[in-house]
Every structure is written in C-alpha cells, then in structure tokens.
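There are 2 protein chains.
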Amino acid sequence: MSERLVVIGGDAAGMSAASQARRLRGPGELEITAFERGRFSSYSACGIPYWVGGDVAGRDELIARSPEEHRARGIDLLTRTEVTEIDLAGQRVRARDLALGTESWTGFDKLVIATGARPRRPDVPGIGAAGVHGVQTLEDGEALLDSLAGAPGRRAVVVGAGYIGVEMAEALLNRGYEVTVLNRGGQPMATLDPDMGRLVHAAMDGLGIRTVGASPVTEVLTRADGRVRAVATKDAEYPADVVVLGTGVVPETSLARAAGLPLGAHGGLLTDPSMRVRGQRNVWAGGDCVEVLDLVSGRERHVPLGTHANKQGQVIGSNVGGDYATFPGVVGTAVSKVCDLEIARTGLREKDAREAGLQYVAVTVESTSRAGYYPGAAAMTVKMLAERRTGRLLGVQIVGREGAAKRVDVAAVALTARMTVEGMTGLDLGYAPPFSPVWDPVLIAARKAVAAVRAAG
Amino acid sequence: MSERLVVIGGDAAGMSAASQARRLRGPGELEITAFERGRFSSYSACGIPYWVGGDVAGRDELIARSPEEHRARGIDLLTRTEVTEIDLAGQRVRARDLALGTESWTGFDKLVIATGARPRRPDVPGIGAAGVHGVQTLEDGEALLDSLAGAPGRRAVVVGAGYIGVEMAEALLNRGYEVTVLNRGGQPMATLDPDMGRLVHAAMDGLGIRTVGASPVTEVLTRADGRVRAVATKDAEYPADVVVLGTGVVPETSLARAAGLPLGAHGGLLTDPSMRVRGQRNVWAGGDCVEVLDLVSGRERHVPLGTHANKQGQVIGSNVGGDYATFPGVVGTAVSKVCDLEIARTGLREKDAREAGLQYVAVTVESTSRAGYYPGAAAMTVKMLAERRTGRLLGVQIVGREGAAKRVDVAAVALTARMTVEGMTGLDLGYAPPFSPVWDPVLIAARKAVAAVRAAG
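Protein sequences appear in the order of chains A and B. According to UniProt numbering, the first sequence is numbered sequentially starting from 1. According to UniProt numbering, the second sequence is numbered sequentially starting from 1.
Keep in mind that a hint or two might mislead.
What the hints assert, rightly or not - Think about it this way: if two alpha-carbon atoms lie no more than 20 Å apart in a straight line, the pair counts; the simulated SDA-like pairs of lysine to any residue are:
| id | chain 1 | residue 1 | chain 2 | residue 2 |
| --- | --- | --- | --- | --- |
| 1 | B | K234 | B | G126 |
| 2 | A | K351 | A | E300 |
| 3 | A | K351 | A | T364 |
| 4 | B | K448 | A | T326 |
| 5 | B | K351 | B | D195 |
| 6 | B | K448 | B | E387 |
| 7 | B | K448 | B | V363 |
| 8 | A | K448 | B | S318 |
| 9 | A | K448 | B | L24 |
| 10 | B | K448 | B | R389 |
| 11 | B | K448 | A | P328 |
| 12 | B | K351 | B | P194 |
| 13 | A | K448 | A | A379 |
| 14 | A | K448 | B | S19 |
| 15 | B | K351 | B | A452 |
| 16 | A | K351 | A | A452 |
| 17 | B | K448 | A | G321 |
| 18 | B | K448 | A | D323 |
| 19 | B | K448 | A | S318 |
| 20 | A | K234 | A | G186 |
| 21 | B | K448 | A | L24 |
| 22 | B | K234 | B | P125 |
| 23 | A | K448 | B | Y324 |
| 24 | A | K448 | B | D323 |
| 25 | A | K448 | B | G322 |
| 26 | A | K448 | B | G321 |
| 27 | A | K351 | A | A190 |
| 28 | B | K448 | A | G322 |
| 29 | A | K351 | A | R184 |
| 30 | B | K448 | A | Y324 |
| 31 | A | K351 | A | D195 |
| 32 | B | K351 | B | R389 |
| 33 | B | K351 | B | T364 |
No lab work stands behind these hints, which were simulated from the structure alone.
Produce the entire structure from the sequences given, and follow the hints as far as they go.
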C-alpha cells in the first residue's frame, strides 16, 4: 500500500527531504511529488553573488541536482508549478501549472512545506523599474546579469548592508562598477555589533566601496525609457544604473498561514525538533520558511541559510522515511567576505544578550592568523561575550583576513557544548607557525574574557 | 618577607611561568631567578624549519622575548648557565656558568622545572660528524644554516618522517636540495593512521621529496675531512651532503630523575592539574619535560608542543603567584604542512584506540575546502573514529590543501566536550561558498560515522 509524499518547494530543504525519503523508501512504498514554481531545483542561492561577480563561470555550476536528475531518482518534480492552496483536512494541495494556467488537486499522506523566503522589498514608487533587482533565485541572477550587460553606465547602488548587500557590493566592484551601499544602521553588517561593523566599514572604504548611512528609500526614480536612474531617500538622491536589493528576506508562509498552521513572531512556521509542524501529525516544514531554536538564547529565530535548510531537509526525509532524526537548533553561526576581508559571527551580539535578559561581559582582542613572524600573518580582531558570573560563552565575532572566518567554528562548537570561557582557555587547538600564533586568537580572547568575568564579579 | 622562585629552563614553559608570576607578584614579594644553558630565551622552536627554509628572514624573528627584555621585567635570567643538580631537601639548585666553568648553589622557596626535551639521536658511529644536525634549538638552526652554506653538494637526507622530518624536508627543498626522507614506518607521519599517511607520502612524491621506508640507521659515513658523505642502513647507503635528524625527542628529565622526582612511562615528569609535581609541595613542572593527561584515552602521554608549554607555563605562574589555574590535559591536536599540503590530527588513531581498549568504527570521506563550484576549492580527506555503541567521537585526521588543517579544531572542541558523532551532525558551522561546502567536510564525516556506528551495532 503506497503512500504519497507531497513536497512544496524544490530547493535545498524540500529536495533534501525528498531525496532522503527516497533513499529510505522505494517508489513502491512511497510516491513523491514535488512542486516548484521556478525552473530550477536544488541550487545554491548563496552562490549567486559569486556568479554575478564572475568568480563562478555559469548558472549551471550552482545547480546541485537538476529537475531531470531528481526525476531519474524517482521523484516526480514538477517545475513552473505553483502550489496555491493547502487543504489540510482534505489532505491535498492545489497547484497551478504556470505555463498552461491550469489548476489541479493532488492528495497527500505526508506533506513537506519548504516554501523558502521572499525578499523584503521596500514598498515605494518605482521599485518595480527595470534595473532594480533582488538576488534570491537563479532567475534573479540571470535577470541581473542581463541588466548589467544593458546598463547605460557603471554606477551601482546596493540597498542594504547585510550579507547579501556586502557580497553583492563585492560582485559589482568585480564587474567594474562604482558601488554605493545604502545602509539603514550605523554600520554595515548589523549581524555584528557596531564596533565590529566599523571594521567592515573601514575595509569596504579601503576597497573603494562607498557605504552611506542612509534613511529609508522613498522612491526609485526612472528615466524616460523606464529604467532606474536614481534611488531617493528623504535626504538625498543616489544616481544608479543598476540597483540591487539586499534588504533581507521574510519567511514565505502565506500558504501555511492560510491553512491555519502555527507561525512564530518572525512569521516562520513553528516545528518540533523532528521538523514536524507543531500540532500536526503528517506535516513537516524546513528551510527558510521555518523558525529555529537559538540554543544560546533559548528563543526562536529566523535564520535563512542553505546549510540549515539542507540539514533540516535531511532530518525531515529521515522522519518521513520511517527513520528518526532531529534538528537540534542553531547557535547563529554565519560567515561571509568582502574581497579579502573575512567576517564571522556566532551566538549572541550585545543587543541579543540584553534582549535575552543575560548580563554579560564583552572583550575584544587583536591577534594574527599565523605566527607573527610567518609570511602572510594577517591581523584579526576577535570579540567575545561571556555571561556574567557563570562565564558561559555567549558569542564570538571575528573580522580579519585569510583564516579569520572559519575560526568561528571553534566558538560554535563551544556554544553548543555550553562551555565557559575558562574552559575554553585550555582548548587543545591546532598550532603550527603557518596556521596560528602559539596562542590561537580565540584562546587569547577567552583568556581576556575570563579576566573580565572575574572583574565584573 | 620576600620569597625566591627558581626556574630551570628559559624557553616557553619556564619563561611563561616566570612572566605570569611576575605579573601577579612584584619584585619586593618574589625574587625570580631563571637558568638557561643556551644563549636565547622564549623562542619559537617550531619556527626553525621556516627559518632554515627561508620563509622567515632571521633568527631574531623567532625570539618572542630576549634575556634582556626578561631582565628589564624583573626576572633575573642567567643564560649560558646550566643547572647540574636539584637538592630538594636543601631547597637549592647547583648551576654552572658555562663560560667561566664555575658552579654555585642558589636557594629556592619555589621551583619550576622546565628543562624541555632532547633529541632522540641514533647511537651509531659517525652521528657526531660535521653536517649532521638536530633542529631543537636556535643554536641548532644556526649550525645547520652554516652547514648548508658550506655543503659540498645538494643532497640532503632527513632521518625520520614525523612533524620535524616533513617540515625540514620542505625547508631543504626550498633551499634547492634534493631531499631523501628515511622513514622507519610504512608511511610518513606515524602520528596519522597509515591510510592517511599514504596521502602524505603521495603528496611528498609529487613535490619531489623521496620518502624511503628504511631500516634503522646503522652508521653515518664520513669523508676524509670528517664531514658526512652518506647515511647507511643495513640495506643501503644514502649519499648526503647534509643530514637532518627528525627522530623525535624524549623528555629531558635527568636532573629530575636524579632528584627522585616521579617520572611516567614516557620518561616525563608527572604533575597534578595545577602542574605541581606529584608528591611535591613547592615544585612545579611544565613544557616538553612533562607528561600530560590525554582526555580521550584517559592515559598519560608525552606531547612536546610549544602551545602546551605556553599554557602550562601560564598555569604554573598563576599558581606560583598565588592565583589558581589548571591545565586540563590534551586531546592530541597537531597540525603541520609540507609545502601546500596540510596535515592535521586530533584524538586517537586506530592504534591508540585499540591500545586504550576502545572498540571503534572508522570512516573516511572526500570533500572540498569550499563549495565545489567556488574557485580554489581543494580536495580534502577526513577520517573519523567513533566509539562503537556510544558513538562518542574518538579522533579525526585530515589531509588536504588550503583550509584543511585548522578544520581539525572543530573536532578538538568536540572531543573536549565528549560529543557523539550524532551530536556533531547538527553542529552549526560557518557556511558560505568561499569557505565551505554546504555540508562542511567534518559534518560529512560525522554523518558517515553515525551510519557506521549503527551498522556496527
């Protein structure tokens, strides 16, 4: 007696779930139908800035597994097909074939919602003008590359200075554009504390990327032919031949909301650790459309990252397939770069700690990526937060050059294990002159944090 | 009422201890006398291969703090002065001024033994010939560089294929030598399992370093002028214009042994976690002359590494100075490289696990340092050992190119926290295409290890 699994969304979470379920249960036991409104499946959205910037040669390199490959593995993946309604009571979804315009219902025994996120686009006049681009999907990347080819000049404005913003600033710089980044906060990279964001700001200045602390965009101004010519705020106009929106994303949960499924404070679906939607028996959700437990603060967060989507998809597929797996939550690790500047964070910022009601000490140290005397040793700044009294590690932020970003992983594991900064000072981290000073920068920060915890009493 | 601290040995452990004690207690409270038989203090012995190879410009770059700098900080450091006896009952040490040949006694209230390690030199005819060099001290490095300058040809033989052996092979290759490494084991890097050592072997072959599985050296053959001309084993002769000994080190504990202090199975001093010598009230020891607790196997090991020496010195100085600190032990992390090949290990090898009575599964995975599509993505092999039944992580070995070595730190923290491989699969490690595939290689290995633990039952 065969069951049917329906998957909504053909990217990381959805197709990881489908693939893992297929590994565990053959087509005779489980039929799998997946709906994807775009043309592509299982691609690396995180790679789009590098494709646009020219580091990655072509679109297809970003595709881990094409629709044809999924179909060859026994997954009935329908592209250009958008689910328009979830009928929980009837155990069916309604889907529209975007080419034909026809709609039909498909029944399910088990449902996976992996609808991803959508860009938070400023709702201002002209936002839909030619030359204004999001960078969420491969289609977005194609449109942006076409737009760059046809741009009348070389002035680019990036709205937003988060991960996508700074990565797109690099990409456009690599394409020979004069880049202005409009930033709503005091410093770029609001996922860092402002003092660490300032280091990113200075480095971007040094690269020739102009970062402007700007008020919100009020209008996109266009030329006679309808293409963007400038971005306006209440204070200024920024001339632009192309505009990239890096204004963040929100969970795409309109279908889930309409179906009455539980959403959290950030608009994402709420699940249990097996990634089953709370209160549901046969509905799972994963990827950018869900909220995740932050293991450090104990609160739910929205963390749209491909690595979580893949893990969650794997967990869902295991559970759907009759095995057992859980997604434990996140500690908030993220790494990025702008040209050769590496940026990393994990755990709580000062602001997060305050909001979570945690008293903390914060320390910052300067060190190097290699022994000071070894060629290529590059400066690195490490900021560390520890809880007052207990000394529990709360968060780490790192800004530096080669070797800075992935050092944050040590802190990510330490956060997961709820280590104290005192316990971290004894960590047996790899040491050799080409790879680290004799005291690794993370250990130097831990030592300083220990002293700060003691001093704070 | 002032106390006197005597420190035997002026390198990492001894001078870290002295410096930390001085930070906590001023000269009016604590007099500090340190004895060093060489001319230098506080230098990076680990940096010697890079100085010899030409990556580091000069000797002085390897010196973190000179004798003069220590003296300026209120530490009476006597160089070229060798302690020849410890009189525990009399609380005094006898020291010989190597220049003058005079001896005198110095009393102590507290004693720190940081006598380091000495090379395990093959006891064969000719081993003392000109052109045969250890690389333990800065003096050794100077002698080797002089020897290279005067070498009659360009053939180098390195005896031993551990860390020093492979690093010196790189250094001599960089100096234009034709390098032969004589290896007693089946593969180089016996600190890895043989299957991982084989990858190092292949890479060394590719670099033009000849690695020979050789029987023990039986004789060093010399020319008429007394300089080395070849290294002989029972099977073969290896022509050599210069020979470097990378045959490992043993704890230098002859003074401690003579004083009746407790030594372990590896010949190192035994201490408690505060680094106080067992059974002693006012004697501490740290650095290459002590044994340390291996947190994974629960056994004592000898791990001569600058990073441990520095940490232990810091701990000793804190305790001597009236504060409190402990050295928790090690998990056995070590990183190295040969040209662009990075080599890392932590925890137990298969052999170690067997000797420790632990049943285990071992898995090996191939992955890349970055997203496969990102420029510079380099192959990486990760081997992981987990305990049967419990799934506790036991060890990780990594061989690869850029970005391979320091990835072992994740496993080092996980070992310290006694994580299971199942727990590791959920780790929130940094992901972005320039830094990692969407599943970090360590996570891929953990997933495979989970499956192996289940399969082993």
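Each hint, compared with the structure:
1. Of the pairs offered as hints, the one joining K234(B) and G126(B) holds, with about 15 Å between alpha carbons and a cut-off of 20 Å not exceeded.
2. Of the pairs offered as hints, the one joining K351(A) and E300(A) holds, with about 16 Å between alpha carbons and a cut-off of 20 Å not exceeded.
3. Between K351(A) and T364(A) the CA atoms are separated by roughly 16 Å; this keeps the pair inside 20 Å, and the hint holds.
4. Between K448(B) and T326(A) the CA atoms are separated by roughly 16 Å; this keeps the pair inside 20 Å, and the hint holds.
5. Of the supplied pair hints, the one linking K351(B) and D195(B) holds, its CA atoms being roughly 12 Å apart against a limit of 20 Å.
6. For the hint pairing K448(B) with E387(B), the CA-to-CA distance comes to about 13 Å; that is within 20 Å, so the pair holds.
7. At most 20 Å may separate the alpha-carbon atoms for a hinted pair to count; K448(B) and V363(B) meet this at roughly 7 Å.
8. Distance restraint check for K448(A) and S318(B): the Cα-Cα separation of roughly 15 Å lies within the 20 Å cut-off, and the hinted pair is therefore satisfied.
9. Simply put, K448(A) and L24(B) have alpha-carbon atoms about 16 Å apart, close enough for the 20 Å limit, and the pair holds.
10. Using a Cα cut-off of 20 Å, the hinted pair K448(B) and R389(B) holds, with the two alpha carbons roughly 15 Å apart.
11. For the suggested pair K448(B) and P328(A), the alpha carbons sit about 18 Å apart, so the restraint of at most 20 Å is met.
12. Among the hinted pairs, K351(B) with P194(B) is consistent with the structure: their alpha-carbon atoms are about 10 Å apart, no more than 20 Å.
13. For a cut-off of 20 Å, the pair hint linking K448(A) to A379(A) stands: about 18 Å separates their Cα positions.
14. Between K448(A) and S19(B) the alpha-carbon distance is near 17 Å, which keeps this suggested pair within the 20 Å criterion.
15. In summary, the hint linking K351(B) to A452(B) is supported, as the alpha carbons are separated by about 18 Å, within the 20 Å threshold.
16. Our distance criterion of 20 Å between C-alpha atoms is met by K351(A) and A452(A), whose separation comes to about 18 Å.
17. Between the alpha carbons of K448(B) and G321(A) the distance comes to roughly 18 Å, so the proposed pair stays at or under 20 Å and holds.
18. Between K448(B) and D323(A), the direct Cα distance comes to roughly 16 Å. Compliance with the 20 Å bound is thereby established for this hinted pair.
19. Taking the CA atoms of K448(B) and S318(A), the gap is near 15 Å; set against the 20 Å cutoff, the hint holds.
20. Distance hint between K234(A) and G186(A) is fulfilled; the C-alpha atoms sit about 17 Å from each other, no more than 20 Å.
21. Restraint check: the Cα-Cα separation between K448(B) and L24(A) comes to about 15 Å, which is no more than 20 Å; the hinted pair holds.
22. Simply put, K234(B) and P125(B) have alpha-carbon atoms about 13 Å apart, close enough for the 20 Å limit, and the pair holds.
23. Distance restraint check for K448(A) and Y324(B): the Cα-Cα separation of roughly 16 Å lies within the 20 Å cut-off, and the hinted pair is therefore satisfied.
24. Between the alpha carbons of K448(A) and D323(B) the distance comes to roughly 16 Å, so the proposed pair stays at or under 20 Å and holds.
25. Proximity of K448(A) to G322(B) is assessed by CA-CA distance (about 19 Å); at most 20 Å being required, the pair is judged to hold.
26. A threshold of 20 Å between alpha carbons decides the hint, and for K448(A) with G321(B) the separation of about 18 Å falls inside it, so the pair holds.
27. A threshold of 20 Å between alpha carbons decides the hint, and for K351(A) with A190(A) the separation of about 10 Å falls inside it, so the pair holds.
28. Of the pairs offered as hints, the one joining K448(B) and G322(A) holds, with about 19 Å between alpha carbons and a cut-off of 20 Å not exceeded.
29. Simply put, K351(A) and R184(A) have alpha-carbon atoms about 17 Å apart, close enough for the 20 Å limit, and the pair holds.
30. With a C-alpha separation of about 16 Å, the suggested pair K448(B) and Y324(A) falls inside the 20 Å cut-off, and the hint holds.
31. For the given pair, K351(A) sits about 12 Å from D195(A) by alpha-carbon distance, which is consistent with the 20 Å threshold.
32. Distance hint between K351(B) and R389(B) is fulfilled; the C-alpha atoms sit about 19 Å from each other, no more than 20 Å.
33. Only pairs whose Cα atoms come within 20 Å are accepted, and K351(B) paired with T364(B) is accepted, the gap being roughly 16 Å.
Comparing the model with each earlier hint shows no violations; every hint is respected.
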